[in-house]
Amino acid sequence: MPGFTVNGTTVSVTEDQSLLVFLRETLGLTSVKNGCSEGVCGTCTVLVDGRASRACVLRTSRLEGKSILTCEGLSLREQAVYGYAFAETGAVQCGFCTPGMVMAAKGLLDVSPCPSRAEVKKALRGNLCRCTGYKKIIDAVILSGQLLESGEPLSAPVFTGQIGESLHRVDAVTKALGTAGYVDDLQPEGLVFGSAVRAAHPRARVCSIDVSAARAVPGVLLVLTAEDIPGQKIVGHLRQDWPVLIAEGGITHTLGDAVVLIAAQTRQALEAAKTLVNIEYEPLEAVFSPQDALKPDAPQVHDSGNILSREHLVRGNADAKIAASKYVVTHHYSTPFTEHAFLEPECAVAQREPDGSVTIWSADQGIYQTRHECAQVLGLPEEQVRVCAKMVGGGFGGKEDMSVQHHAALLAWFLDVPVKVTLTRQESILIHPKRHAMEMDFTTACDENGILTAMKAEIIADTGAYASLGGPVLQRACTHAAGPYNYQDIDILGLAVYTNNPPAGAFRGFGVSQSCFATECNLNALARLVGISPWEIRYRNAIRPGQSLPNGQLAGDDAALVKTLELIKPYLDANPAAGKTRVWAWACPTPGAVPFMWRAASSGCAPPPPASARAWARCACSLSVRRRSCLPRRWSGISRTPHPPPTRATPPPPARPSSPARPPAGRRWR
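Just so we're aligned: the sequence shown equals residues 1 to 670 in UniProt numbering.
Quick caveat, the hints were computed from the structure, so don't treat them as lab data. Where hints are given, some of them may not hold.
The calculated lysine-lysine pairs, modelled on BS3-like cross-linking and capped at a C-alpha distance of 25 Å, are [said to hold, decoys possible]:
1. K135 <-> K121
2. K121 <-> K136
3. K274 <-> K233
4. K136 <-> K122
5. K122 <-> K135
With the sequences and hints as input, model every part of the structure.
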């Protein structure tokens, strides 16, 4: 087989394979990420003879005599420069795309040390980033070129911790250079691979499952069906309605439901076995819209019916106020399902420990819930399941629900070897929850001066095949539907409806994006009727400190919508649309600017500086420890359950009502 060099070392391969697989699994060069395996995303970018290339579409048989360079092969100076530049400009968020960006940048800077922004954009055109919007990445590439060209020594950044100070992400450098640990980077000794055979029909009865041929494939270690699950056979964060595996005789709810689990020593054996599983289906009538699902004779997606949740918010008398108003607009709005498009496909590695417990490494937005549900599936107490969150290569709500964690845990439990389960990009798009599609009818009214008087709305959300977080999403959509404005008469009805579409769940905005779209469009229509600008109608109605929002929330002193509108007014005046189509948007980052259902001590996407996070624990008389913290995901640095004990004690908040009012006689809290 051909020989070539990787980072200056000559290598040879014994069989033709993807360069991506060879670099990651044979050489352990995990800076080369697998985002799509189709040559689309650019996370696997390497330099081949100095030219940026996508490793996933290159075959090792065609690389004879070539020179391959990855982030691991950069000089120490280059590593320092790229790490500093990407941290300094704030170009790193989830970090999954960043090593590929760095290699594309090197390919450019080697031939054009001082590139223009246009040249940088062209060089990065094959690299996707879901998080940043590219501007800061372009800034980082230009800064890298300047530092490499000047030879200027790099000094360690100094941060004082003062409010308003610009900080480097604590994980920016490791992410930029590809050394930050994502789940798919794990390769424990004895690792085997797992995957699910998925339903071919959105709604069908599984008449029979024949796995005999799959079990006979050399290298296949285990084949599981629903009958083999030792514990609970359904999962779900808030409503448990999502089968771990569809059983023989059961009914599929959406395309891609898992039916059979297979583990094999190699990916090739795994894929071969999957094709040999024979599942006989009886296709059944399915529903693909909430309107059809709400019909009296509609097929029932679940035995409980097709309505997941219902919300009805009423304050005042909206009908009477609308009837008495000078101007009234009524419009119907539709928003589609939206894919999160995170670049890291879902992945989990699980391992059974010598004491019978199970450890799961996961790209996870909810490690505590994952632990709870995996324990139920395995039939184990929660203290025998440990979940460690690795770096999350983008989530945006799409990794709230379990996807592969419970499947990896099941296979590892039976096999007693480490098991990795990774979704392909096609599987990921097919099965993980999306942003809810919504059909919305909104009526909004105002007086002759543009002062809002009332609104009435009906919101129907397609929650897909499973509950996921559809209930809270609908609640937020309805609670925030009237907008951050000062009027009191509302009538908002919301329904979250099951269909046989892929499930819908958490997505940034959490339902508010859809209803906000409808409300703000109606405001623009009212502004035209009144004869004032869109800015003016918002300014006249914007919530001010001490006023009550339509949902009943009182605005605090930090309500900043008016200040924000005043700050942007000069820019709007200086840039009139002049007959051209133009969209204006503004944001208020302070908690009081728009109504939130909760407030956090800190917000944003960056983890805190080292040693700045806090948590508290209360020791109960049983010697157990009750620990309180928030945001169990990548932002907060909380990476596993249970967490190590705190290094510095701080006074806890007052005990919640569930805590004992006083210790038993003869014992004291300490």
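Is K122 close enough to K135, meaning Cα to Cα at most 25 Å?
-> holds, 13 Å
Would you mind confirming whether the straight-line C-alpha gap from K136 to K122 stays at or under 25 Å?
-> holds, 15 Å
Verify the proposed pairing of K274 with K233, using a straight-line Cα cut of 25 Å.
-> Answer holds: K274 to K233 is near 22 Å, not above 25 Å.
Are K135 and K121 close enough, with their CA atoms no more than 25 Å apart?
-> holds, 9 Å
Holds or violated: K121 with K136, Cα cutoff 25 Å?
-> Status holds; Cα separation ~12 Å.
Hint violations for this structure: none, all hints satisfied.
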